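Undergrad: All chains should be built: construct the whole structure from the sequences, respecting the hints.
2 protein chains.
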Amino acid sequence: MAGGVGSRFWPKSRNHFPKQFIDILGTGESLLQLTYQRFLKVCPNENIMILTNAGYADLVKAQLPAVLEDNILLEPSRNNTAPCIAYATYKILQKNPEANIVVAPSDHLILKEDVFIGKINQALAFAESNDALLTLGISPTRPDTGYGYIEYLEDEGARNKEQGLETEIKKVAAFKEKPVLEKAQEYVNSGNYLWNAGIFIWKAANLQKAFEKYAPEIDTLFKSGNEVYNTADEAQFIMDQYPTSPDISIDYAILEKADNIYTLPADIGWSDLGTWASLHAIAEQDEQQNVYNSEHIHLNETRNCMINLPKGKAAVIRGLDNFIVVDDENVLMIYPKSEEQEIKGVSKEMVARFGSQYS
Amino acid sequence: MAGGVGSRFWPKSRNHFPKQFIDILGTGESLLQLTYQRFLKVCPNENIMILTNAGYADLVKAQLPAVLEDNILLEPSRNNTAPCIAYATYKILQKNPEANIVVAPSDHLILKEDVFIGKINQALAFAESNDALLTLGISPTRPDTGYGYIEYLEDEGARNKEQGLETEIKKVAAFKEKPVLEKAQEYVNSGNYLWNAGIFIWKAANLQKAFEKYAPEIDTLFKSGNEVYNTADEAQFIMDQYPTSPDISIDYAILEKADNIYTLPADIGWSDLGTWASLHAIAEQDEQQNVYNSEHIHLNETRNCMINLPKGKAAVIRGLDNFIVVDDENVLMIYPKSEEQEIKGVSKEMVARFGSQYS
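Protein chains in written order, with numbering that gives the first Met the number 0: chain C, 0 to 358; chain Z, 0 to 358.
Worth flagging that the hints you see were computed from the coordinates, not collected in a lab.
No experiment lies behind these values; they were computed from the predicted model shown.
Misleading hints may appear alongside valid ones.
Same chains, same label: a pair holds when it works inside one copy or across any pair of copies.
[Claimed, not checked] Within a straight-line C-alpha distance of at most 16 angstroms, the following computed EDC-like cross-link-like pairs (lysine to aspartate or glutamate) qualify: (1) Lys310 - Glu328; (2) Lys310 - Asp327; (3) Lys256 - Glu211; (4) Lys222 - Asp239; (5) Lys312 - Glu328; (6) Lys40 - Glu300; (7) Lys170 - Asp258; (8) Lys222 - Glu211.
TA: Put into structure tokens, the structure is as follows:
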């Protein structure tokens with residue numbers, strides 16, 4: 000999935016060039032490219048599909064020239080993840096009714112790639128032989144209020160074991176929205192909560208059954224394309240029909256309703272890189288806990304800052320503590336890291352007040 | 000005089016494009032252009048000479064196309080103000096032994112232009128008929144530690160009156176270097192101290208006499224050019240000889256030694272615009288005492304800041320109090336206004352550490 004706009008990463012992430020296309024870690028490759036290369040270790044190139052907004056077709060083709068043209072699925076409108084995943088699922092089912100699918104965001108960081116691939120294969124094996132919809136669950140290392148949480152049943156895990164199921168895989172009791180700090184601390188202390196990383200593993204046919212049961216409108220819509228998927232008429236069908244789909248996430252549409260949701264706890268060095276602070280937390284820091292992407296930096300009494308500059312630009316900074324400093328194209332942003340949840344709103348306000356050049 | 004580098008205004012003022020050439024007030028004209036236009040009210044265009052570094056010849060010609068080519072005096076080296084003023088003085092004397100001269104920096108702000116012109120004419124009349132070297136003195140409005148001070152003799156003023164001299168013009172007792180705050184407060188309280196604005200008025204022949212007496216090395220050097228000034232050989236002479244001059248200011252070479260220095264107190268809305276804080280002090284401020292040059296500004300809990308951005312750039316800033324924020328070409332600077340005296344040193348350090356692209 001590579002259709003988002005990453006607005007909490009504004010002003011670096013913009014509508015015309017969102018976060019997944021940016022070399023945000025400074026490694027020379029975008030998050031999308033890193034994600035693609037990771038999945039090449041799970042399945043062959045011809046089985047990798049990129050789900051993105053129609054406006055990003057050229058960006059995807061430029062960054063991933065090896066991906067088959069027919070495997071780039073273009074969403075003509077932004078209707079959240081449920082229709083996006085349904086489209087891919089029904090198109091895949093038309094080719095291969097036995098397919099198993101991994102659904103993953105393209106803009107996350109996964110440091111322990113080998114562990115990740117092991118977990119994915121473990122989950123695929125479970126999904127192949129059980130009527131189960133799986134999600135990877137990340138063991139929380141701190142009471143983060145920026146993530147959704149998964150509550151799982153310990154006793155169900157034991158029961159699974161009695162039934163000869165893989166004990167690491169837990170039955171999910173509930174999905175929890177982003178909590179306040181106190182609640183998050185409770186979750187972390189309780190020991191049976193995981194972060195929801197938005198990485199799903201299931202048999203395509205089982206997900207279709209779930210759409211039939213819990214999101215019949217979406218099911219009907221995307222079933223009506225069964226005769227045109229993987230033909231010359233697919234693009235026109237999607238152009239016409241996709242925007243009529245409900246605008247809803249896969250979490251709301253399916254995961255929070257279905258009773259066959261499982262989670263596999265995974266310690267994979269994961270971050271959703273959702274915000275500047277999350278990038279700051281995982282990046283290499285200097286002795287004053289500053290993170291920056293320029294070699295020409297002159298800092299004085301400056302601590303715990305996240306500094307992102309255009310290539311070739313220098314910064315001279317004195318007296319900032321716990322700030323985000325981003326200089327990107329036509330925007331300079333200097334914002335307290337502790338208030339970064341406001342950035343998304345500020346970006347919208349800038350566009351409303353001053354125009355789309357800031358979107 | 001338009002040869003300085005304005006390094007306290009870094010990174011906006013650069014070696015290749017220093018402060019006097021910048022439209023620093025956002026009026027559409029550079030400080031040099033504003034100064035030139037001001038002096039057109041004092042004397043005709045053909046009597047205006049621009050003294051600058053050879054490297055800025057093209058900048059001067061581009062910004063002041065009406066100035067005569069022969070009136071642009073190019074210094075092949077940076078040897079401070081004494082040789083620069085001697086060169087112009089001796090060249091002028093070669094043409095007109097009776098000339099009176101006004102020497103002025105090209106990068107200052109003067110808000111009360113009519114008062115300024117009146118004072119200049121008053122000083123010129125005094126200099127014409129007295130063996131006096133005059134400097135404009137600015138009545139101090141605060142104990143500024145960034146300026147040099149002129150101590151004048153009240154009783155000498157009275158004695159002048161008895162002698163029928165213009166009473167407003169005072170005999171100078173001493174020049175004082177930039178003081179510490181306590182000293183500056185003493186000066187302001189005492190009532191007979193003025194800021195030294197570096198604006199001088201004298202008869203060229205009287206200044207030459209002072210060079211003969213107090214700076215004979217400079218006098219000999221520039222007298223040796225008397226036969227080539229205003230001929231085709233002048234440029235070669237200056238190229239060869241100018242760099243051999245002592246590197247010294249007119250203040251040290253003449254003013255602090257001569258006994259015929261007078262000052263005319265002038266309330267002309269003056270600022271040397273020497274630093275970002277001085278620009279902040281005179282510019283239009285918003286309700287939170289912020290000064291900025293972009294219309295697309297989103298400030299929150301930000302007070303007393305000086306924000307200078309490239310044309311077309313927006314800023315989103317929260318939580319800065321009393322900061323200078325300058326985004327210019329390859330440098331972003333965020334610095335506490337109270338520490339701005341460090342900026343000159345920081346700019347030198349940047350060049351030493353990272354290269355001349357920051358000079």
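Undergrad: Against this structure, judge whether each hint is valid.
TA: A quick look at each hint next to the structure:
In this homomeric assembly, Lys310 and Glu328 come within 16 angstroms of each other (Cα to Cα) both inside a single copy, at 11 angstroms, and across copies, at 12 angstroms. Taking the shortest alpha-carbon separations for Lys310 and Asp327, both the intra-copy value of 10 angstroms and the inter-copy value of 14 angstroms come in at or below 16 angstroms. Proximity of Lys256 to Glu211 under the C-alpha cut-off of 16 angstroms is restricted to the intra-copy arrangement: shortest distance 12 angstroms within a copy versus 98 angstroms between copies. In the homo-oligomer, the alpha carbons of Lys222 and Asp239 lie at most 16 angstroms apart inside one protomer (14 angstroms), although the nearest pairing across protomers, at 89 angstroms, exceeds that limit.
Proximity of Lys312 and Glu328 under a CA criterion of 16 angstroms is satisfied in both settings, with 12 angstroms inside one chain copy and 8 angstroms between copies. Neither within a single protomer nor between protomers do Lys40 and Glu300 lie at most 16 angstroms apart by alpha-carbon distance, with minima of 45 angstroms and 49 angstroms respectively. Taking the shortest Cα distances, Lys170 and Asp258 sit within 16 angstroms of each other inside one copy (9 angstroms), while across copies they are farther apart (97 angstroms). In this assembly of identical chains, the alpha carbons of Lys222 and Glu211 lie at most 16 angstroms apart only when taken from the same copy (10 angstroms versus 101 angstroms across copies).
Checked against the numbered hints given earlier, this structure breaks only hint 6.
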